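**Q** Going down the list, the protein sequences come from chains A and B. Going letter by letter, the first sequence gives residues 14 to 306 in the working numbering. Going letter by letter, the second sequence gives residues 4 to 326 in the working numbering.
You may find that some hints are simply not true.
[Claimed, not checked] Straight-line Cα separation of at most 25 Å, DSS-like style, residue types lysine-lysine; simulated pairs:
1) K132/B / K39/A
2) K36/A / K132/B
3) K236/B / K131/B
4) K39/A / K25/A
[Unchecked claim] Reference excerpt, derived from the structure (chain B facing chain A, CB under 8 Å, subset only):
5) I18
6) F143
7) I147
8) P148
9) V157
10) G260
11) T271
12) M287
13) V305
Everything labelled a hint here was simulated from the structure, so no lab data went into it. These numbers come from a predicted model, not from an experiment. Ideal Cβ positions, reconstructed from N, Cα and C, are used throughout, including at glycine.
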Amino acid sequence: MSSKNNRKKVMKKGFLRFVDTFKGNKMGVLGFYIIVFFVVVAFFGPLVYQYDPQSFGMGGLIDPPTKGFPLGTDDMGRDILGALIYGAKVSLMIGVFATLISVGIGTFIGVVSGFAGGKTDSILMRFTDGFMVLPKLPLIMILAAFLGSSTRNIIIVLGLTSWTGTARLVRSQTLSIKERPFIERAISVGAGRGYIMTRHILPNVFPLVFSNTILVTATAILTETTLSFLGLGNPMIPSWGQILRGAFTSGAVSLGAWWFYLPAGLCVIFLVLGFTFLGYSFDEILNPKLRRR
Amino acid sequence: MNLTYLSKKLFHSLITLFIVITINFFLFRIMPGDPFAMIAKAANLSAEYKEELSALYGYNQPFPIQYVKYLRQLINLDFGMSFKYRKPVMDILGNRLMATLSLAFIAQILAIGLGTLLGTISAAFRGKKIDVASLGLALFIYSIPAFWLGIVLVSLFSVKFGSLPLNGMVVAGMDHASTWIYIKDVARHLILPVITLGLAITGGYTIIMRGSLLDVLTEDYIVTARAKGYKRKDIVIKHALPNAMLPMVTVIAINFGFMIGGAIQTETVFSWPGIGRLVYEALMARDYPILQGAFLIISITVIVANFIADILYGYLDPRIKYD
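When you get a sec, could you build the whole thing from the sequences and use the hints?
**A** This is the structure we're talking about:
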């Protein structure tokens, strides 16, 4: 029991040290606040600001901002500010769930490949390399078109196509952890492969996976927006990509209707930037390769 | 560079090619709502005609036979007929690929130049304000969706100032009196798409360049150069930069696949008649033979680019021999 308590103490100490270093990283802190802002908007926005996605023709078509519609209306007479608030939740949800799938697959393949070694390793890594080279967006577009573009399918498609980076990272980390004495000790005491992988290797690759996770989320959000823009998103749910598609296809750009495409684009950029800043700073703190020598 | 390295890389490329071909085969056959059923349904065809089409495309045979047949067709460069254009897919792809490659090539040069510059400045002044500024700028550019950047550029330079064309490759219906006038027309149409696609990949290059240069700057020979009293500027540019550029070769190749994604967005916004726009149009029209052919051609381009990068890397970095 005492060793368990001891371990908890060590982990807590490590975490506190991480938080301390993180506080000094301005970029990371800024990213964190940006994400918090969007999370708050996504969950509390709808409570404060009423919006119904099916409210066609509430205002004029592509009307500039007025009192009733602070950010104007879209090509179907819907309120754009409301759609932006609604879209925050869609982007966050798709980004987070797609990342969970992707990181799950990547970690699994990486740990198994690195720990098993030999033939299993080379087959898995050849497959990963082959998959890595595939042009992602066309593949995602084709998969989304075939499976049909419900939100759930888009999450699955994004998750299934973005695990290669994580797999490579986790594998190299597993390879180095595998050589440490405590693994040897565990094996000599009689620990099974599954036990070592889940109890010893996983907790040790976790920090690196964590920083990688956040960067995967940024990419997933960006890709989802692009899919929606290209007409492969879920047309029933207003997302930022969906707004931008409306702006593009309705000719709002030629009309100079900036309220239709500027705010939605800026939302995408800042949310993605928030995740990128956070992921990049975590990487700087946690990745031993990047630490200042 | 030795033969073992070369053959190993060639072998890896062939495996990747095999994965691509196989995925391409199954993707268009076992997916729910397979392309044939969808096209037959959409066109309101009779049952007999469906059978006939099925036989024509070989969809009624078992998978292994279909697969062998598919491989044989690929060797003959036969990608089938486009549903929409009623022409062999291969004829359509050729021209489109050229339009994309010319756009991609110029954008690539712009991005490499800009990325190297920003990354070098950032690394040379690590921790200073200028580092934070250029790194922040790179991450900001990285976060912009390429299609949105295209839209904003169009709204500024085509709509507001009216100085550059909205879209297309040449002015529609214009009679180009000479080749020179034609080239000038295409060049004017290229400016915005090149900036869009170029910036879309610049962010990634900057980040890689910065990391790579930071790595090199900690090496012993740099410390030696410093001790010898070389100027800081000379050390960064003459001593460190050539070595730091090495990983860029690989990154540029790996980025090729990512760049295709940017090209699809850019070409869609600017109606650039490249392979990216073709993919978009084919998807909208559910023109599966085109999609399948385009996906294969794009993947092969990426694989070839990676292979060339590997060879180049082995040539540039003699250490790779002992790998």
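**Q** The structure should be examined with respect to each hint, and the outcome stated for every one.
**A** Evaluation of the provided hints:
| no. | hint | result |
| --- | --- | --- |
| 1 | K132/B / K39/A | 12 Å, holds |
| 2 | K36/A / K132/B | 18 Å, holds |
| 3 | K236/B / K131/B | 16 Å, holds |
| 4 | K39/A / K25/A | 23 Å, holds |
| 5 | I18 | 6 Å, holds |
| 6 | F143 | 6 Å, holds |
| 7 | I147 | 5 Å, holds |
| 8 | P148 | 6 Å, holds |
| 9 | V157 | 6 Å, holds |
| 10 | G260 | 4 Å, holds |
| 11 | T271 | 7 Å, holds |
| 12 | M287 | 7 Å, holds |
| 13 | V305 | 6 Å, holds |
Hint violations for this structure: none, all hints satisfied.
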